[in-house]
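Just so you know, the sequences run in chain order A and B.
1 is the number of the first residue of the first sequence in my numbering; add one for each residue after it.
1 is the number of the first residue of the second sequence in my numbering; add one for each residue after it.
These are calculated hints, taken from the structure and not from any lab test.
One or more hints might be untrue.
[What the hints assert, rightly or not] Okay, derived cross-link-like pairs now, DSSO-like style, lysine-lysine, Cα gap no bigger than 30 angstroms in a straight line:
(1) A:K11 with B:K70
(2) B:K103 with A:K78
(3) A:K15 with B:K103
(4) B:K106 with A:K11
[What the hints assert, rightly or not] Here's a subset of chain A near chain B, in silico, CB distances under 8 angstroms, partners left out:
(5) L60
(6) N106
(7) G113
[As the list claims (entries may be wrong)] Some residues of chain B that are not near chain A, with every Cβ distance over 12 angstroms (derived):
(8) S11
(9) V12
(10) N21
(11) Q37
(12) Q57
(13) K68
(14) I86
(15) I110
On a predicted model such as this, the values are computed, not experimentally measured, just so you know.
Even for Gly, the Cβ is constructed at its ideal location relative to N, Cα and C.
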Amino acid sequence: GAGVSQTPSNKVTEKGKYVELRCDPISGHTALYWYRQSLGQGPEFLIYFQGTGAADDSGLPNDRFFAVRPEGSVSTLKIQRTERGDSAVYLCASSLRVVGAASGDNEQFFGPGTRLTVL
Amino acid sequence: GEDVEQSLFLSVREGDSSVINCTYTDSSSTYLYWYNQEPGAGLQLLTYIFSNMDMKQDQRLTVLLNKKDKHLSLRIADTQTGDSAIYFCAEAGAGSYQLTFGKGTKLSVIP
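Construct the complete structure from the given sequences, taking the supplied hints into account.
Below is the structure:
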């Protein structure tokens with residue numbers, strides 16, 4: 001079946017603009033995660049959804065970042081007033097259930113990411 | 001906060017074994033993972049180990065966990081040029097959904 005897909009694959013924007021990044025999780029996966037990977041770094045957790053609700057948004061760097069998942073499937077990460085420091089690859093992952101649950105349910109499947117460049 | 005450390009580079013000859021090491025600080029880590037990332041591709045889960053295990057073998061991959069020293073390693077037997085990628089160690093605490101990743105080890109395989 002299809003894996004996690006993310007669009008666009010690349011996004012170039014100017015400082016101060018608004019961007020939306022989309023994630024389509026694997027069908028039937030109830031948990032969805034956003035991570036950010038800066039150059040030369042490992043991914044850093046941003047936000048986690050269980051169903052439609054954001055169960056943990058503690059990784060969002062500031063209030064310019066917001067994410068939604070209105071129907072419990074597709075998610076959109078929204079960044080307002082973009083800054084050059086927001087440039088990174090934004091990764092989405094989905095899993096059947098929460099990590100830390102029974103081992104067979106906890107694999108996070110990652111999408112290819114959206115490379116965001118803020119000029 | 002939690003921290004995961006890895007060496008940044010490893011170079012091996014094709015056919016040799018590769019050993020990638022990782023240390024972590026969170027004593028409540030429950031699951032420890034190895035992912036890899038090929039250029040332009042997404043993260044791929046290779047294997048994981050539960051904290052009550054000290055070894056797990058999966059085909060060419062062997063994971064060793066020393067919980068006392070908080071040290072995790074990934075051994076790749078008979079390394080091939082197709083194994084060239086960045087390898088990430090990650091951990092999740094008990095009941096946690098957040099993966100904490102290391103910076104990744106770039107494995108280069110010399111033909």
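Now for the hints, and whether the structure bears them out:
1. A:K11 with B:K70: Since the Cα atoms of K11 of chain A and K70 of chain B sit roughly 39 angstroms apart, the hinted pair is violated (cutoff 30 angstroms).
2. B:K103 with A:K78: With Cα atoms ~25 angstroms apart, K103 of chain B and K78 of chain A stay inside 30 angstroms; holds.
3. A:K15 with B:K103: This hinted pair holds, its Cα atoms lying about 27 angstroms apart.
4. B:K106 with A:K11: Answer holds: K106 of chain B to K11 of chain A is near 26 angstroms, not above 30 angstroms.
5. L60: Because about 13 angstroms separates L60 of chain A from the closest Cβ in chain B, which is outside the 8 angstroms limit, the hint is violated.
6. N106: Since the shortest Cβ distance to chain B is 7 angstroms, the answer is holds.
7. G113: G113 of chain A check passes; min Cβ-Cβ to chain B is 6 angstroms, inside 8 angstroms.
8. S11: The claim holds: S11 of chain B sits with its nearest Cβ about 18 angstroms from chain A, beyond 12 angstroms.
9. V12: Answer for V12 of chain B: holds, closest chain A Cβ roughly 21 angstroms.
10. N21: Given a closest Cβ separation of 15 angstroms, the condition holds.
11. Q37: violated, 9 angstroms
12. Q57: holds, 16 angstroms
13. K68: Fine: 22 angstroms to the nearest Cβ keeps K68 of chain B off the interface.
14. I86: violated, 9 angstroms
15. I110: At about 23 angstroms from chain A, I110 of chain B clears the 12 angstroms cut-off, so the statement holds.
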